[in-house]
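Novice: Following the hints, put chain B in place on chain A, whose structure we already have.
So the protein lines, in turn, are chains A and B. Numbering-wise, the first sequence is residues 1 to 519 according to the numbering used here. Numbering-wise, the second sequence is residues 1 to 315 according to the numbering used here.
Bear in mind the hints are in silico, worked out from the structure with no lab data behind them. There's no promise every hint is true.
Unchecked claim - Subject to a maximum C-alpha distance of 20 Å in a straight line, what follows is the list of computed SDA-like cross-link-like pairs (lysine to any residue): (1) A:K323 with A:G310; (2) A:K192 with A:G434; (3) A:K192 with A:A226; (4) A:K397 with A:V376; (5) B:K166 with A:E111; (6) A:K390 with A:R361; (7) A:K192 with A:R429; (8) A:K323 with A:R361; (9) B:K166 with A:D18; (10) A:K192 with A:Q80; (11) A:K390 with A:R429; (12) B:K166 with A:R108; (13) B:K166 with A:R99; (14) A:K192 with A:R202; (15) A:K323 with A:S348; (16) B:K166 with A:A112; (17) A:K192 with A:E458; (18) A:K323 with A:R227; (19) B:K166 with A:P130; (20) B:K166 with A:D106; (21) B:K166 with A:P87; (22) A:K397 with A:E458; (23) B:K166 with B:I188; (24) B:K166 with A:G102; (25) B:K166 with A:V103; (26) B:K166 with A:S109; (27) B:K91 with B:R311; (28) A:K397 with A:I356.
To be verified - Listed next, with one range per pair, are the computed distances between beta-carbon atoms: (29) A:A213 with B:R311: 24 to 32 Å; (30) A:P61 with B:R311: 22 to 30 Å; (31) A:G292 with B:V285: 30 to 38 Å; (32) B:L248 with A:L489: 51 to 59 Å; (33) B:D269 with A:L305: 51 to 59 Å; (34) A:T54 with B:F162: 42 to 50 Å; (35) B:L85 with A:T54: 51 to 59 Å; (36) A:L341 with B:L248: 42 to 50 Å; (37) B:R311 with A:R128: 25 to 33 Å; (38) A:R128 with B:V285: 45 to 53 Å; (39) B:G300 with A:D18: 46 to 54 Å; (40) B:F162 with A:H133: 19 to 27 Å.
Beta carbons are placed, not taken as given, at the ideal position from N, Cα and C, and that holds for glycine.
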Amino acid sequence: MRSVSKHFGPTVANDAVDFAASWGEVHALIGENGAGKSTLMSILAGLYRPDAGTLGVAGEPVRFRSPRDAIRHGVGMVYQHFMLVEPFTVAENVLLGARDRGVVLDTRSVEADLSRLGERYGLAVDPRAPVWHLGVGERQRVEVLRLLLLGARILVFDEPTAVLTPQEARSLIATLRALAAEGFCVVFISHKLDEVLAVADRITVMRRGRVAATTTPAETDRRALARMMVGRELAAFVEHPAEEPHETVPAGNVALRVRGLRARGDNGLEALAGVDLEVRAGETLGIAGVAGNGQRELAETIVGLRPTAGGSVHIGGRDLTDKGCSAVARTGVAHIPEDRLATGLVGSLDVSENAILRDYRRPPLARGPFLVGRAVAAFTDRLIHGHDVKTPSRWAKVRTLSGGNQQKLLLARELAGDPAVIVAVHPTRGVDIGATEAIHGSLRAQRCRGAATLLIGEDLDELLALCDRIAVLYEGRVVGELPARGADLERLGLLMAGIQEATASGATAADRPPVVLRG
Amino acid sequence: MEQVFTVGFLVAVLAAAIAAGSAILFACLGELLAERSGVLNLGVEGMMLIGALAGVAATLGTGNPWLGAGAAILAGAGMASIHALLAVGLKANQVVSGLALTLFGGGLSAFLGQRYVGLPLPASFGREPVPLLADLPLFGPILFRQDPLVYLSYALVPALWFFVYKTRAGLRLRALGERPEAADAMGIDVDRLRASYVVVGGALAGLGGAAISLGTNPGWTEGMTAGRGWIAVALVIFAGWNPARAALGAWLFGGVEAGQFRLQGAGVDISPFFLGMLPYLFTIVVLVLATRPGARHRLGAPAALGLPYQREERG
Numbered sequence: 001m002r003s004v005s006k007h008f009g010p011t012v013a014n015d016a017v018d019f020a021a022s023w024g025e026v027h028a029l030i031g032e033n034g035a036g037k038s039t040l041m042s043i044l045a046g047l048y049r050p051d052a053g054t055l056g057v058a059g060e061p062v063r064f065r066s067p068r069d070a071i072r073h074g075v076g077m078v079y080q081h082f083m084l085v086e087p088f089t090v091a092e093n094v095l096l097g098a099r100d101r102g103v104v105l106d107t108r109s110v111e112a113d114l115s116r117l118g119e120r121y122g123l124a125v126d127p128r129a130p131v132w133h134l135g136v137g138e139r140q141r142v143e144v145l146r147l148l149l150l151g152a153r154i155l156v157f158d159e160p161t162a163v164l165t166p167q168e169a170r171s172l173i174a175t176l177r178a179l180a181a182e183g184f185c186v187v188f189i190s191h192k193l194d195e196v197l198a199v200a201d202r203i204t205v206m207r208r209g210r211v212a213a214t215t216t217p218a219e220t221d222r223r224a225l226a227r228m229m230v231g232r233e234l235a236a237f238v239e240h241p242a243e244e245p246h247e248t249v250p251a252g253n254v255a256l257r258v259r260g261l262r263a264r265g266d267n268g269l270e271a272l273a274g275v276d277l278e279v280r281a282g283e284t285l286g287i288a289g290v291a292g293n294g295q296r297e298l299a300e301t302i303v304g305l306r307p308t309a310g311g312s313v314h315i316g317g318r319d320l321t322d323k324g325c326s327a328v329a330r331t332g333v334a335h336i337p338e339d340r341l342a343t344g345l346v347g348s349l350d351v352s353e354n355a356i357l358r359d360y361r362r363p364p365l366a367r368g369p370f371l372v373g374r375a376v377a378a379f380t381d382r383l384i385h386g387h388d389v390k391t392p393s394r395w396a397k398v399r400t401l402s403g404g405n406q407q408k409l410l411l412a413r414e415l416a417g418d419p420a421v422i423v424a425v426h427p428t429r430g431v432d433i434g435a436t437e438a439i440h441g442s443l444r445a446q447r448c449r450g451a452a453t454l455l456i457g458e459d460l461d462e463l464l465a466l467c468d469r470i471a472v473l474y475e476g477r478v479v480g481e482l483p484a485r486g487a488d489l490e491r492l493g494l495l496m497a498g499i500q501e502a503t504a505s506g507a508t509a510a511d512r513p514p515v516v517l518r519g
Numbered sequence: 001m002e003q004v005f006t007v008g009f010l011v012a013v014l015a016a017a018i019a020a021g022s023a024i025l026f027a028c029l030g031e032l033l034a035e036r037s038g039v040l041n042l043g044v045e046g047m048m049l050i051g052a053l054a055g056v057a058a059t060l061g062t063g064n065p066w067l068g069a070g071a072a073i074l075a076g077a078g079m080a081s082i083h084a085l086l087a088v089g090l091k092a093n094q095v096v097s098g099l100a101l102t103l104f105g106g107g108l109s110a111f112l113g114q115r116y117v118g119l120p121l122p123a124s125f126g127r128e129p130v131p132l133l134a135d136l137p138l139f140g141p142i143l144f145r146q147d148p149l150v151y152l153s154y155a156l157v158p159a160l161w162f163f164v165y166k167t168r169a170g171l172r173l174r175a176l177g178e179r180p181e182a183a184d185a186m187g188i189d190v191d192r193l194r195a196s197y198v199v200v201g202g203a204l205a206g207l208g209g210a211a212i213s214l215g216t217n218p219g220w221t222e223g224m225t226a227g228r229g230w231i232a233v234a235l236v237i238f239a240g241w242n243p244a245r246a247a248l249g250a251w252l253f254g255g256v257e258a259g260q261f262r263l264q265g266a267g268v269d270i271s272p273f274f275l276g277m278l279p280y281l282f283t284i285v286v287l288v289l290a291t292r293p294g295a296r297h298r299l300g301a302p303a304a305l306g307l308p309y310q311r312e313e314r315g
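Excised from the complex, chain A in its bound form:
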C-alpha cells in the first residue's frame, strides 16, 4: 500500500500511509484507537475506497471497489464483529461467499472441505452447527476457514484476541503461525503489546493516521512500542497493571445487593439465570466473561432498563427491583452503558444538552418548567473542565466529539452527583489511551471517595488494575469469584470458558488443551 489517504468528513483517518507485508510473515499493526489501523485494513479489504494512494498485491497494482474485488485478489479480513449470519449453519455461511458451487445448495461438499482444512490448521468446528450455537472462538475459526476456502492468501485480523479467553487466544496464535509458515501473509491489528511482541515477525506502529515506525520484536520492547504509539511516556504502560498496588479503603456497608437475579435477553432466551452479587461502598467488583454471557443484561437489569424475571436488586438497602431507571438514577446510581451513543448520550444534541440530561429536572438547572441558561452553562463548564473533555464549545454536537471525549463527558455527567453506586459497562471501549488513563483515574477516585462500583469489562488487564474482586459470568451465572490482586489469569480464563473445576493450580491449567466454547 503506497501513500494511502482516507478522510471521513473533516477527520483524516489515513494520511499518506505506506504499508507493506510479505508472504510468510505475521505482521502486527498497532496503534491507539483512532490511529487509523482499522481504516487502513478496511481499505485493503475493499470495504472503504481510499481517497488517494495505490494498492498492490503480489507486485501487481489493484483497485478494490468492494470486498468482492479484494477476495478475488486473495485478500480476506476477519472483522472484529464477525460477518456471519447467525441462523445459518457453518457450511451455509461458507457457501454464502463461495463461487462455482452450483445453483443448488450443496452443503455436503463444503462440509468435507471444512473438515479437511480444519484439521490441517487446527481450526476444528462442526460444519453443521448453526452459528448462533457457537462460542466466539469457534465463530472466529469459521471466519478464517471461510476465507481460506475462498482462496484468500492475505489474511487480515482486526483485534482477533480481544474477544477470546487466554486459552483460545493461544490456539489462534498457533494457527496464525502455522498459516505464515505455509506462506500466507498474515496481518493482525492489536493493542496488546505483549501479544504482538510474542507473535509478530514485524511490527508497524501507527499514530494519528501515519506510520510512526516499522520494527521487529527483537529490536524493541513494550515501553518503546508504547512510546511510539502515543508519542510520549505513559504511566499505565511503564508499570504492569496487574502489579499496581491497590490502596486499601476500609470496606463500607453493602451498597448494591443482587439476589437470584433472572432476566431474559433481547432474543427472549434466559440471559441471567440467578445472579448473586454484593458490592460494598468503596469497593470495585469486576465482572469478567466472554461477551454475550449476560453482562449487558446484568447491567441493564440493575439500573432498571430491563425487567427482571425473578430475584431482587437492593441499592443502599432499598428494594429497587423493577422500579424503573429514573427511580434507580434518583437513588444515586450512575450508569455508564455499553454503547454510549445508543443509551448514554444523544449524538444529535450538543454538549451542554447532554451534560444536563440527568439532572435537568432539578434546581439549580431548572426553575419550574424552564431551564436556567446560566446554570446550565456553568454546570456544563464544570463538567468539561473537571474531566478535561476536549470540545470546540458547549454547542458542539456530541456526535462530532471523539469517542474518548464522548466517554469523558458521559462519565462527568454520571459522576457529577457523587453517586453511591456506579454501574460501568466497558467504560474504555473504543477510547484512546490518553482518555483511558483519565477514565481509570476518575473511577479510582470514585472508589476512594466511597462509591461502590460494578465494572463490567472485556479487557482482563483493565479489570485487574481497577477491581478489588473479579466475578466471572458464564451463561448468566456467576461461576466463580476471586480477589483481583495476584489473580491467576489461567484460572480466570478457564472460568470464562465455563470450566468450574478450575481450582487446580495454574501450572496444570496451562497444560490443558485449548478450550472449545459451546453455547
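Specialist: Okay, now just chain B, sitting in the frame of chain A:
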C-alpha cells in the same frame, strides 16, 4: 339451515376459496421475497390496484388476457421500482415510502380507471379443468377446475420454497435480510439484489391484482382489491416468511371471502361492512403483535427487515 352445509356446498366454497386466495397468494409471495431480502414493502395494495387496472386496460386493448397479465406484472414492477429507488437506493424510511405508494396507487388507479369502470372485458381467464385431475373426487372440483393463473400460483409455491431454502441464490437472499453486512463482506451487492427482489415482489403483487381483475371479478372497479394487499403483508408475518405456509394462509382468507358471499346467498345475515373491515383489522392485529419487543425473534423475522443497509462509515 341444515341443507346449506352439504358436500356440494363445501366443495363450491373451497374451490371459490382457492380462486379468491390466489390473488392474495401472488401478492404475499412477492412481499415474502422483498421482506426476506430485508425490505418491508407496504405498497402492496397500491401495486395490486395498479396491476389490476393495467391488466384490464391491456386486455381491453389487445383482447388477450395473457397480455393483460403481462401488463399487470410490468405495472407492479414499475411501482415497486419507485419503492426500490426510495427505500433501497436513497435509504428512505421503508414504511413511509410503502404507505405513500399505496396511497399513490389507489389514487392513480381510480383516476386512470374512470373510463374503464363497468366495461365488459372481451376475454378473461376462465375455468380450464385439468384433464384427468379434474375428475378426481373432491380434489378435482376444488383444485383442478380453476383458471390458469390459479394453476400458476400452485406452481409458484413449491418453486419459491425450493428457491428460498435450497438454492445458493436463496441463501444469499436470506443473508440479505438477516445480516446484510455479512453478505457485503462476502462480496454480495446488497443494494442491487435488494432492489431486484423489491421489483420482483412488486411484479407478483401486480399479477395478484390481475388475478382479481382478469380472473375472479373480471372488469375494473375502483378500489377493487379491497384490502387484499394488506392481508398479504400481514400473512407474510403470519406465515413466518415461509412460502408453503403463506399458501395456506392465503387460501384461508380466500375462504373467508368466498364464504361471505355464499353465506349471504344462503340467507345467513352477516354485515358486509363487518366482513369488509376484517382485512384491515387482521393486518393491524398481526402488525401490532409482530412488532412487540422480542416478537420479531420468536416469529423468525429477518433480523435486518426494515433497516436500510449502509456500510459503516464514520462522519
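Novice: Broken hints, numbered, in rising order?
Specialist: 6, 9, 15, 18, 22, 35 and 38
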